[in-house]
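Novice: Residue-level listing of the chains:
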Amino acid sequence: MITELGHFALVLALGVAIIQTVLPLLGAHRGDVRLMALAGPAASVQFVLVLVAFAALTIAFVTSDFSLRLVVLNSHTAKPMLYKISGVWGNHEGSLLLWVLILALFGACAGWFGANLPMRLRARVIAVQGSIGVAFLVFMLLTSNPFLRLEFPPMNGDDLNPLLQDPGLAFHPPFLYLGYVGLSMAFSFAVAALIEGRVDAAWARWVRPWTLAAWVFLTLGIALGSWWAYYELGWGGFWFWDPVENASLMPWLFAAALVHSAIVVEKRESLKAWTILLAILAFGFSLIGTFIVRSGVITSVHAFANDPERGVYILLILGIFMGGALVLFAMRAGAMESKGVFALVSRESALVANNILLAVSSLVVFVGTIWPLLAEILFDRTLSVGEPFFNAAFTPFMVALAVILPVGSAMPWKRGQMRPRLLPLRGAAMLAVACGALVFAMQTGRSGLGPIGAALAIWVVAGALTDLWQRTGRGDVAGRLGRMMRLPRADWGKTTAHIGLGITVFAVAAMNAWVTEDIRVVPVGGSYPLGSYEVTLVGVAEVPGPNYLATVAELRVTRGGDEVAVLFPEKRFYPVQGMPTTEAGIDQGLTRDLYLVLGDAQDGGGYAVRSYIKPFAGWIWLGAIVMSLGGTLSLTDRRYRVAAGARRAVPAE
Amino acid sequence: MIRWLVIVLALAGPAAAVEPGEILADPALEARARALSQGLRCLVCRNENIDDSDAELARDLRLLVRERLVEGDTDGQAMNYIVARYGEYVLLRPDAGGVNLILWLAGPVLLLAGIGMALPLLRHRREEDELSVEDRARLAKIMADET
Chain A
1182 MITELGHFAL VLALGVAIIQ TVLPLLGAHR GDVRLMALAG PAASVQFVLV
1232 LVAFAALTIA FVTSDFSLRL VVLNSHTAKP MLYKISGVWG NHEGSLLLWV
1282 LILALFGACA GWFGANLPMR LRARVIAVQG SIGVAFLVFM LLTSNPFLRL
1332 EFPPMNGDDL NPLLQDPGLA FHPPFLYLGY VGLSMAFSFA VAALIEGRVD
1382 AAWARWVRPW TLAAWVFLTL GIALGSWWAY YELGWGGFWF WDPVENASLM
1432 PWLFAAALVH SAIVVEKRES LKAWTILLAI LAFGFSLIGT FIVRSGVITS
1482 VHAFANDPER GVYILLILGI FMGGALVLFA MRAGAMESKG VFALVSRESA
1532 LVANNILLAV SSLVVFVGTI WPLLAEILFD RTLSVGEPFF NAAFTPFMVA
1582 LAVILPVGSA MPWKRGQMRP RLLPLRGAAM LAVACGALVF AMQTGRSGLG
1632 PIGAALAIWV VAGALTDLWQ RTGRGDVAGR LGRMMRLPRA DWGKTTAHIG
1682 LGITVFAVAA MNAWVTEDIR VVPVGGSYPL GSYEVTLVGV AEVPGPNYLA
1732 TVAELRVTRG GDEVAVLFPE KRFYPVQGMP TTEAGIDQGL TRDLYLVLGD
1782 AQDGGGYAVR SYIKPFAGWI WLGAIVMSLG GTLSLTDRRY RVAAGARRAV
1832 PAE
Chain B
292 MIRWLVIVLA LAGPAAAVEP GEILADPALE ARARALSQGL RCLVCRNENI
342 DDSDAELARD LRLLVRERLV EGDTDGQAMN YIVARYGEYV LLRPDAGGVN
392 LILWLAGPVL LLAGIGMALP LLRHRREEDE LSVEDRARLA KIMADET
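Here the protein sequences come in this chain order: A and B.
Just so we're aligned, residue 1182 is where the first sequence starts under my numbering, counting upward by one.
Just so we're aligned, residue 292 is where the second sequence starts under my numbering, counting upward by one.
If you are wondering where the hints come from, they were derived from the structure by calculation, not from laboratory data.
This list has only true hints and no planted wrong ones.
Per the computed footprint, the stretches of chain A lying under chain B, defined by three or more beta-carbons under 8 angstroms from a beta-carbon of chain B, are:
| hint | region |
| --- | --- |
| 1 | 1419-1429 |
| 2 | 1544-1554 |
| 3 | 1557-1563 |
| 4 | 1693-1703 |
Where a beta carbon is used, it is the ideal one built from N, C-alpha and C, also for glycine.
Take the sequences, apply the hints, and build the full model.
Specialist: Rendered as structure tokens:
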């Protein structure tokens, strides 16, 4: 009964979404206030209906209702409650429902918090948002209905893929989707602005917080996913250049570009057309990501739903929305005349450089991701594009980005002179070079990755701090410190986010350059050296889990006789899915992670054990957290909370 | 057994599913094998290199790489040997020749295109916007006095 209610709510949501799309657009076109006023309430109703559907599906999973096809395929009575709930979105249909739920939530938010938007713009934004909802609701109801019943319910389900039975599944997809789908707001604002034929500083002030929020969520979502991969996949990699990871990286890079270019529109009324294009492309790449994940045309470790029919449908959605938006863009972009001119040496051109580097690096990832597909279709060649390609083709752009970042953020708007702006950065530059040289000297004979990464990171972090300090003007230190505390939160956000980037750059370089690895067979009771540590295999035991059997090793790590950690790496076997997984034993430290993995029992006795010392591993995700903290700080800037200027800037129409 | 000899490797890039028994006694050869493995795909897996994979086929490939190196092949010869048998699908880093040039040149070409698009945005300063030499000297004096 509840299932049917959920199904019915989903169909109703489609009906409401159609109303939400058509009537406000018509109203905005005709200047009919009553029709435009429908947008907000329609968006709220659509959200509530999708929420009812989502709740119905969750209830079915929690109560293990095996008359539902989706529950049978992805659940089992023995599965812990956390995974029964997160299992709702651990599959194609359910995750699509989550996608649509978040989409409807953003549409409703535009209604709830958009009171200071001009009525016409708000109606159009919500209508465009509604149209995306229509497309995905139709897609879901026609090809991926989560509420399909089975005529003969089985006694129990097939269980969830064991790799997904992890707390990571509870948080990674929701954050990721908040990011992906959050970019739909930027898209809706861009299309609404194109229909209006006008973009101004106020528009950028509305669009930027949504993009920033989406970027923050995407940053956290990607970081969570990469951390999950790090501890779950059993060899401590954190990024695999897998098509599905690339699918999240591409919109992230575009969103980062958009966050920066929207500043130029807001402060200088320049780069308008470019910003609109970025907004369209950012969401476009988020749709391409959806296509890559759900169509199965590109092989990836995230085996989600390999149904070509679905792929065709998503391609159709992508074609309609991107095609439509880009045609509209081509027709109207000319009207977006930029006001502010700027010279070569200026904040604007630095941000243009940032945008070019981010956009091109994202496109490189895109080309690398679809190249196997293109090569097969066009040239009949079956080939792979993997990590070595991306490392070679993508990294230079990130290095260039890190090099120009402190210089660019020190530049004044409109025009500036290089020398006076570069002088304060001398300290940062010297520190960076000195640290790079020191690292180089300490690690003789290893790759250049470590020193370069360290120098770049110091340059970015010290540059960001110098920039913040320069903002406090002149005078004594106490006065400057006082002024520093009173700087707008946007300035603090910028500094924090850039420091976060520096931390991640350093950690990625450090972990790749200085990892220590040891692979060996260890008899029970035996010990071996690992770097400056001594590891002892105390014992191995068979331990039954709730829905799996585990082989758990006890490994004692000591250093100079003192106990550092006792770790329990596991090998698990999930009988329902017939699949093994590894759970690494990780001791997280400030400057290194000890990462121990239990291998198979050996014929001659003992166990294979893989051990790693991963320097600065935790800093990768620390950097991501600091970045999103910076974004959040910027989001709470006074100008977004008050938005008084925005109200004045655009008279109500 | 000599193969139990343990080597602590510090390589650029992670590696893992390598079994203890596979590791070569000669650290230099083993390091080369690892470097080659980073560029070889586990054919039955999805986007994993043979070092990271637990699959049987990945193990066979790892052993094959080591066998070729022990026989005295150079890195290039060993890779060619494998590509000749398993096809270019096995390479994670596609050759930078032929149509793959499109792939490899995409980055630089797009970068140039981006710069080309951006250049018209930079309007050159007009003469009247420029401060005269005297004005600049005055400005410098004012700024210096302020401190």
